[in-house]
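Residue numbers (numbering that gives the first Met the number 0), protein chains in the order written: chain A, 0 to 217; chain B, 0 to 217; chain C, 0 to 217; chain D, 0 to 217.
Bear in mind the hints are in silico, worked out from the structure with no lab data behind them.
Be careful, since some hints might not be right.
Derived pair list, reagent style DSBU-like, types lysine-lysine, alpha-carbon separation capped at 35 Å [as the list claims (entries may be wrong)]:
hint, chain 1, residue 1, chain 2, residue 2
1, A, LYS13, C, LYS61
2, D, LYS48, A, LYS122
3, B, LYS61, C, LYS27
4, A, LYS191, B, LYS182
5, B, LYS48, B, LYS13
6, B, LYS188, D, LYS122
7, B, LYS61, A, LYS182
8, B, LYS27, C, LYS54
9, D, LYS27, B, LYS122
10, A, LYS27, A, LYS13
11, B, LYS61, A, LYS191
12, B, LYS13, B, LYS27
13, B, LYS13, A, LYS27
14, B, LYS27, C, LYS27
15, A, LYS191, B, LYS27
16, A, LYS54, D, LYS122
17, B, LYS122, A, LYS27
18, C, LYS48, C, LYS61
19, A, LYS27, D, LYS122
20, B, LYS61, B, LYS182
Quick list of the computed label-pair ranges, beta carbon to beta carbon [as the list claims (entries may be wrong)]:
hint, chain 1, residue 1, chain 2, residue 2, range
21, A, GLY123, B, LYS182, 54 to 60 Å
22, C, PRO176, B, LYS54, 35 to 41 Å
23, D, ALA82, B, ASP74, 57 to 63 Å
24, D, ASP50, B, ASP74, 29 to 35 Å
25, C, LYS122, B, LYS54, 42 to 48 Å
26, C, LYS61, A, SER72, 33 to 39 Å
27, D, ALA82, C, HIS120, 51 to 57 Å
28, B, LYS54, C, ALA79, 17 to 23 Å
29, B, GLY179, D, GLU214, 18 to 24 Å
30, C, THR31, B, ASP74, 18 to 24 Å
31, B, SER52, D, PRO78, 34 to 40 Å
32, D, LEU177, B, GLU86, 30 to 36 Å
33, C, GLU29, D, GLU86, 58 to 64 Å
34, A, GLU29, C, HIS120, 53 to 59 Å
None of the values given here were measured: they were computed from a predicted structure.
From the three backbone atoms N, C-alpha and C, an ideal C-beta is built for every residue, glycine too.
Number of protein chains: 4
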Amino acid sequence: MYRPKPHAACHMPKAVPLTAIVLNASLKHEPTLSNTGELSEELLAELKKYDVSGKVIRLADKNIPVGLTFRESEDDDWPAIAAEIREADILILATPVWWGQRSSLMQRVIERIDAFDEEYHEKGRSALYNKVAGIVITGNEDGALHVMGSIMMVLSWLGLTLPPECTAYWVGEVGNPLEGDTKLRRANKATKAMVKNLARNLAYHARLLRHHPMEMEG
Amino acid sequence: MYRPKPHAACHMPKAVPLTAIVLNASLKHEPTLSNTGELSEELLAELKKYDVSGKVIRLADKNIPVGLTFRESEDDDWPAIAAEIREADILILATPVWWGQRSSLMQRVIERIDAFDEEYHEKGRSALYNKVAGIVITGNEDGALHVMGSIMMVLSWLGLTLPPECTAYWVGEVGNPLEGDTKLRRANKATKAMVKNLARNLAYHARLLRHHPMEMEG
Amino acid sequence: MYRPKPHAACHMPKAVPLTAIVLNASLKHEPTLSNTGELSEELLAELKKYDVSGKVIRLADKNIPVGLTFRESEDDDWPAIAAEIREADILILATPVWWGQRSSLMQRVIERIDAFDEEYHEKGRSALYNKVAGIVITGNEDGALHVMGSIMMVLSWLGLTLPPECTAYWVGEVGNPLEGDTKLRRANKATKAMVKNLARNLAYHARLLRHHPMEMEG
Amino acid sequence: MYRPKPHAACHMPKAVPLTAIVLNASLKHEPTLSNTGELSEELLAELKKYDVSGKVIRLADKNIPVGLTFRESEDDDWPAIAAEIREADILILATPVWWGQRSSLMQRVIERIDAFDEEYHEKGRSALYNKVAGIVITGNEDGALHVMGSIMMVLSWLGLTLPPECTAYWVGEVGNPLEGDTKLRRANKATKAMVKNLARNLAYHARLLRHHPMEMEG
């Protein structure tokens, strides 16, 4: 039901350098092309226009063991990623769709990020308040809107703010041959429109919360 | 991820005339073309080859009030539909996707069908045991697999058996203009393959359960 | 996984009177107690502390025909509701869970609200930008988190901003007798905690966007 | 909405020894108690009454790398598991709920099981036809019905038959302290009723398909 949306420039709050971090949960390893990764790079390029610098972390090339704590093993790569999340103004969760759901790597991230929720209980406020979140999704066909909603739900409980049109995605027609995905995605006008509006809305809300953060009393 | 599947003929249990009923939850009224309705008719045509006769009920032209009982008002059309469900060997729930979910008319049917669940509690067995269920879904883009799973879950609790590949659906590429849906759907090979395998698998399981129904002792 | 969260007061943006509208999609008619309605009233009471006034609209007692336009019949109650949505700063969608999904009345609202999306296409911007959304959900058992995510997805595409912890819900243990729901819900500490944090976060974000709305150039 | 269902004995097809395999996607390692694992053992005990023998595989203690093929590395444990799936009459997918979804280990299994779907394309029929599937789910609160539907959808495309009431689950009331889960689950009558009906229905359908398998012509 999503059709290419018009894009309008927006009067922005006072400029301030911001940072974004993208967690790419593609099942493919570097240097194989990841559709999700490429779409994430397009989003970062668009965010750059709003003075937001960022980078993509390819989860398939990291070691993120099963578990629910901040550190699960000596060679656990999650603590370093968690530290980068703490620093960023904007968190982007990027995932392919496999059988109608986020990938096992994105689910692993969500299980590990749960430790922020534990910390919230202890400290009385979320470390992720005043951060803004976006989502990037690609799939051969079907599943993006469900994956989007299921990730938004998690992000909201973790304390992040979700701007309007918080996702950019691509999915093809059912039965669409896998080989053609990249070409179709690159040409898709709806997906391009989503990238532009998502970048604008992320930047607007992130600046606004940087200038006026929710601050608890006491 | 669904790609056109090969179809093979199957040695079938002894022929026996069977009946199917399709509930079409399109939001459009007769005589407007319903994509969901047309795909349902294709399925019925394929089922006919297996000695299954059936019909489609267009819910948008029925009066099905809000509620949870078998009869909610004097002019309630649900009791007659419920009676046809009791008679049928095969129940097909057919729905468009609106914002990632089954339509409000399909949700209404599911709320009303809940009365069968109450009856199960009272009588100690489901009136829908030994019936086989299928699903038909169409959408402009995205959502079919989620809608399919969410409907399967309900059908299973109600007591129906679900054959392999229990759904036929069509969804287009994101941003796909609405006007082109019907043409693309009619030409889609994956959707055609689903219809053939769904009809074969429904007929096989329905015949099997007709010849060998689960019968409770006592 | 939601456990009762700590609540802290928050330094708020400059006070400004705001309005909220709750659409209650309970299947029950007035004056029958609606769990969803009662929880919505608790939220409104909490919002009042932040200078937000509001009201609940009981959809089961309105006439909202099937369709996708702003007005579907002479006696269609939707146009008046749509006008109230335009005026409000905060939109709350409140629904029970039926078989794992939002009710048919909430799905109907989402189908009808689609007309705002059409308008967005024509006018180049959403009439719902700068509004903030919240969600209220009750169910006998299971389904709240899925319903929450699926509604958040719709709200985001429509142009609303979602604050952290954007939902208040109650669901019971599986097998829990229906008669006990109201009592258990009223006593549930996790649900109470959600109401407090949701009200604070809605008020904060709504005030912020009132003082600093996204305004398109040109 | 699930309430404890009555259980009735069922006239069964001629006895034949059958096998079941349970894949337990708990995030916890042996010997830590897994609620999902314990509920799976209850199901196996019940299945034994119908001449079905089975075992549980604890995925957290296996090495199942990211990927989509039958073998992803030298020390990949998946090929041995896939071989056991081929031998079994009944496949049970058992998972905890984390943030409203199946665990990352269950999602990994579903990504790896996709290789059966590739094989189906090549051979013209699914190696999983005539097998029957069941599901076991536990969660601290909320999410079981959604997880159930999303797994049923995958199982159906893979070629398995789903009997009525194909799942046994437990979830608690929202806000329910984690420490109490095991005790509440063990005492829950609705969960016990599900186990009994699931075992009966799995055994019935598996025997029926063993005696009368779908066999393709040619």
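Evaluated hints:
1. A/LYS13 with C/LYS61: violated (45 Å)
2. D/LYS48 with A/LYS122: violated (51 Å)
3. B/LYS61 with C/LYS27: holds (21 Å)
4. A/LYS191 with B/LYS182: Since the Cα atoms of A/LYS191 and B/LYS182 sit roughly 25 Å apart, the hinted pair holds (cutoff 35 Å).
5. B/LYS48 with B/LYS13: holds (14 Å)
6. B/LYS188 with D/LYS122: holds (18 Å)
7. B/LYS61 with A/LYS182: violated (45 Å)
8. B/LYS27 with C/LYS54: Between B/LYS27 and C/LYS54 the Cα gap is close to 32 Å, so the pair holds against 35 Å.
9. D/LYS27 with B/LYS122: violated (41 Å)
10. A/LYS27 with A/LYS13: violated (39 Å)
11. B/LYS61 with A/LYS191: Distance ~41 Å between B/LYS61 and A/LYS191 Cα, so the pair is violated.
12. B/LYS13 with B/LYS27: With a Cα-Cα distance of about 39 Å, the restraint between B/LYS13 and B/LYS27 is violated, given a limit of 35 Å.
13. B/LYS13 with A/LYS27: violated (48 Å)
14. B/LYS27 with C/LYS27: holds (26 Å)
15. A/LYS191 with B/LYS27: holds (31 Å)
16. A/LYS54 with D/LYS122: violated (43 Å)
17. B/LYS122 with A/LYS27: Given that 35 Å is the threshold and the Cα spacing comes to 53 Å, the pair is violated.
18. C/LYS48 with C/LYS61: OK: C/LYS48 and C/LYS61 at ~30 Å, within 35 Å.
19. A/LYS27 with D/LYS122: It holds: about 26 Å lies between the C-alpha atoms, which stays within 35 Å.
20. B/LYS61 with B/LYS182: Distance ~28 Å between B/LYS61 and B/LYS182 Cα, so the pair holds.
21. A/GLY123 with B/LYS182: 54 to 60 Å: holds (58 Å)
22. C/PRO176 with B/LYS54: 35 to 41 Å: holds (39 Å)
23. D/ALA82 with B/ASP74: 57 to 63 Å: holds (59 Å)
24. D/ASP50 with B/ASP74: 29 to 35 Å: Distance hint for D/ASP50, B/ASP74 is violated at roughly 53 Å.
25. C/LYS122 with B/LYS54: 42 to 48 Å: holds (44 Å)
26. C/LYS61 with A/SER72: 33 to 39 Å: Violated, since C/LYS61 and A/SER72 (Cβ atoms, about 57 Å apart) do not stay within the stated range.
27. D/ALA82 with C/HIS120: 51 to 57 Å: For D/ALA82 and C/HIS120 the Cβ distance comes to about 53 Å; the hint holds.
28. B/LYS54 with C/ALA79: 17 to 23 Å: violated (39 Å)
29. B/GLY179 with D/GLU214: 18 to 24 Å: violated (40 Å)
30. C/THR31 with B/ASP74: 18 to 24 Å: With a Cβ separation near 22 Å, C/THR31 and B/ASP74 satisfy 18 to 24 Å, so the hint holds.
31. B/SER52 with D/PRO78: 34 to 40 Å: violated (46 Å)
32. D/LEU177 with B/GLU86: 30 to 36 Å: Violated - the Cβ-Cβ distance for D/LEU177 and B/GLU86, about 48 Å, lies outside 30 to 36 Å.
33. C/GLU29 with D/GLU86: 58 to 64 Å: holds (59 Å)
34. A/GLU29 with C/HIS120: 53 to 59 Å: violated (39 Å)
Hint compliance for this structure: hints 1, 2, 7, 9, 10, 11, 12, 13, 16, 17, 24, 26, 28, 29, 31, 32, 34 are not met, and every other hint is.
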